[in-house]
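Trainee: One-letter residues, chain by chain:
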Amino acid sequence: MGRVRWIFAGQLGDTFDDGGPMLLIEARSVLRRRPIHRAKAHLILSAMRHRAAELGDRVEFHQVEAYSDVVRGRTDLEVIDPTSWAARRTVRRLGAHILPSRGFVTTEEEFASWAAARGDGRLLLEDFYRHTRERTGLLMEGSAPAGGRWNYDGDNRQPPPKNAVSLGLPDPRWPEEDDIDAGVRAASTAGRRTATSAWSETTVPAGSPRPPPRPRRRSPTSSRPGWAISGRSRMPRSAVTGPWLTRCSARP
Amino acid sequence: MNLGLLDPRHVVDTVAAQYTRGNAPLSSVEGFVRQVAGWRDYVWHLYWHLGEGYRFSHNALRATADLPREFVELDAAAIEANCLSHSIAGLREHGWAHHIQRLMVIGNWALQRGYDPVQLNDWFTDMFVDGTPWVMPANVIGMSQHADGGIVATKPYTSGGAYINKMSDYCGGCRFDPKVRLGPDACPYTGGYWAFLDRVEPALRGNHRMAQPLAGLRGLADREAVVQQERERDGFH
Numbered sequence: 518m519g520r521v522r523w524i525f526a527g528q529l530g531d532t533f534d535d536g537g538p539m540l541l542i543e544a545r546s547v548l549r550r551r552p553i554h555r556a557k558a559h560l561i562l563s564a565m566r567h568r569a570a571e572l573g574d575r576v577e578f579h580q581v582e583a584y585s586d587v588v589r590g591r592t593d594l595e596v597i598d599p600t601s602w603a604a605r606r607t608v609r610r611l612g613a614h615i616l617p618s619r620g621f622v623t624t625e626e627e628f629a630s631w632a633a634a635r636g637d638g639r640l641l642l643e644d645f646y647r648h649t650r651e652r653t654g655l656l657m658e659g660s661a662p663a664g665g666r667w668n669y670d671g672d673n674r675q676p677p678p679k680n681a682v683s684l685g686l687p688d689p690r691w692p693e694e695d696d697i698d699a700g701v702r703a704a705s706t707a708g709r710r711t712a713t714s715a716w717s718e719t720t721v722p723a724g725s726p727r728p729p730p731r732p733r734r735r736s737p738t739s740s741r742p743g744w745a746i747s748g749r750s751r752m753p754r755s756a757v758t759g760p761w762l763t764r765c766s767a768r769p
Numbered sequence: 057m058n059l060g061l062l063d064p065r066h067v068v069d070t071v072a073a074q075y076t077r078g079n080a081p082l083s084s085v086e087g088f089v090r091q092v093a094g095w096r097d098y099v100w101h102l103y104w105h106l107g108e109g110y111r112f113s114h115n116a117l118r119a120t121a122d123l124p125r126e127f128v129e130l131d132a133a134a135i136e137a138n139c140l141s142h143s144i145a146g147l148r149e150h151g152w153a154h155h156i157q158r159l160m161v162i163g164n165w166a167l168q169r170g171y172d173p174v175q176l177n178d179w180f181t182d183m184f185v186d187g188t189p190w191v192m193p194a195n196v197i198g199m200s201q202h203a204d205g206g207i208v209a210t211k212p213y214t215s216g217g218a219y220i221n222k223m224s225d226y227c228g229g230c231r232f233d234p235k236v237r238l239g240p241d242a243c244p245y246t247g248g249y250w251a252f253l254d255r256v257e258p259a260l261r262g263n264h265r266m267a268q269p270l271a272g273l274r275g276l277a278d279r280e281a282v283v284q285q286e287r288e289r290d291g292f293h
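From first to last, the protein sequence lines are chains U and A.
518 is the number of the first residue of the first sequence in my numbering; add one for each residue after it.
57 is the number of the first residue of the second sequence in my numbering; add one for each residue after it.
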């Protein structure tokens, strides 16, 4: 019998999907473990429910109190190694089949061999970054960094234009809330009164009593094409990072 | 990206291609690629490499103050310093703040005021929409708070108000004066910078990257008065 892939909140994209049957669990206890910003809870729940809708009948989607309500005793599960120490303990205790992690430019195996080669030396970001550039060929011209330098940070510390009230950049893409978001929002509002909803009052910081502001356009996962970054939409004027990387502004 | 929706390799390849085609300047593209393929990957791998205990077993600067109510409740209105109030207000509204607001404003304040690094790490994890368990320890315990004694960064990331003034437009509308370290108008970051150095001097004396700031501290005529002022500062006022 084929294995069922149990995916987690950090594994909601196509990178983590190899076409087989999937399992996704929305466990209320996970959101109750710690205080959590309401916007963060909304983002996670919305993304999970959108992914469940997207996968349709390829996914078993459960909304339960605890993971164990679904996975206890199951021997048919596989996971892509999850993203926290606690989650890794859980999947190992369960005896799930474990695949190497994904979702980063450098694999854990590649990092380990780079770190081992450093011997007793410090694991410096700059060394790691150059090694990554060389290994991947990113922004490389042959064996040399593009433009002749590895680091252009010095060019990204320009002061904002004099007397400017904005940098004149186009708006970022804003997601638009849909019915799934409305469901999350309703649960979050109800959750402020009852612990049986998605999360309890104690998990919503007293400092963020209002729902997150309603964004204007499409919801994050409701549209696949929306997620394919075009690399063009904002680039001509804003230039990805922009020369004001290390600035911040009191203006909204 | 931390939800797994965007693949970072696809993202950096796409952006790098815009440089290759002449559509984007190298300085911008390189800075972006370094944040994603460099720093993001680096903190992920350090999360595993440094072990599960890294988050809670380091406190090199002996910072033991509990997180104040203003942080826990994201009560921006109770904070007078314009830069910090704005940053906390944005966090309250969106669960998000700019990288430099995190480091230079929020983290710098916490470092100077000696907030418990574990409490601060968990607060960053809980309050930021991108706050996964793996992303915060190297950033908060290491980079921002120097609680690990130099594993991630060679020196504490701190500055006085003058640097915040140079790098932002917060100070014009603030009731404090970034150039003043003593008196009713003293910027809490400017006074706080010297009070912080005074407190951590014994721990950082051997750090040659701190030699110059610590020499500045020793030459400060009103050192004791500034330290006293910051010790008595009433929270966020």
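Where hints are given, some of them may not hold.
For lysine to any residue, the following SDA-like pairs were computed, each having C-alpha atoms within a straight-line distance of at most 25 Å [as the list claims (entries may be wrong)]: (1) 211/A / 684/U; (2) 211/A / 674/U; (3) 211/A / 644/U; (4) 211/A / 573/U; (5) 211/A / 681/U; (6) 222/A / 652/U; (7) 211/A / 62/A; (8) 679/U / 108/A; (9) 211/A / 678/U; (10) 222/A / 671/U; (11) 222/A / 570/U; (12) 679/U / 211/A; (13) 679/U / 105/A; (14) 222/A / 644/U; (15) 211/A / 638/U; (16) 211/A / 680/U; (17) 222/A / 638/U; (18) 211/A / 66/A.
What the simulated footprint calls covered on chain U by chain A, stretch by stretch (three residues with Cβ under 8 Å from a Cβ of chain A suffice, anywhere in the stretch; the number is not a length) [unchecked claim]: (19) 535–541; (20) 638–648; (21) 669–675; (22) 694–702.
FYI, nobody ran anything at the bench for these hints, they're computed from the structure.
Since we're looking at a predicted model, the values are computed, not measured.
Note that CB positions come from ideal geometry on N, CA and C, so glycine has one too.
Trainee: Can the restraint linking residue 211/A and residue 684/U be considered satisfied, given a maximum Cα separation of 25 Å?
Mentor: Answer violated: residue 211/A to residue 684/U is near 32 Å, above 25 Å.
Trainee: Does residue 570/U lie within 25 Å of residue 222/A when you go C-alpha to C-alpha?
Mentor: violated (48 Å)
Trainee: Take the stretch 669–675 of chain U, compare each residue's beta carbon with every beta carbon of chain A, and decide whether three or more fall closer than 8 Å.
Mentor: holds (count 4)
Trainee: Under 8 Å between beta-carbons, do enough residues of the stretch 694–702 of chain U, three at least, approach chain A for the coverage claim to hold?
Mentor: violated (count 0)
Trainee: Just to be careful, I want the Cα atoms of residue 211/A and residue 681/U compared with a cutoff of 25 Å; is the pair within it?
Mentor: violated (34 Å)
Trainee: Checking one constraint from the list: CA of residue 222/A to CA of residue 638/U, max 25 Å. Satisfied?
Mentor: The hint is violated at about 36 Å.
Trainee: Between residue 222/A and residue 652/U, is the straight-line Cα distance small enough, at 25 Å or below?
Mentor: violated (38 Å)
Trainee: Is the Cα-Cα distance between residue 222/A and residue 671/U 25 Å or less?
Mentor: This hinted pair holds, its Cα atoms lying about 15 Å apart.
Trainee: Take a quick look at whether residue 211/A and residue 638/U sit within 25 Å of each other, Cα to Cα.
Mentor: holds (18 Å)
Trainee: Are the Cα positions of residue 211/A and residue 62/A separated by 25 Å at most?
Mentor: violated (33 Å)
Trainee: Assess, step by step, whether the Cα of residue 679/U is no farther than 25 Å from the Cα of residue 108/A, and give holds or violated.
Mentor: The given pair, whose Cα atoms are some 47 Å apart, is violated under the 25 Å limit.
Trainee: Between the alpha carbons of residue 679/U and residue 211/A, is the straight-line distance 25 Å or under?
Mentor: violated (33 Å)
In this structure, the earlier hints numbered 1, 4, 5, 6, 7, 8, 9, 11, 12, 13, 14, 16, 17, 18, 19, 22 are contradicted, and the remaining ones agree with it.
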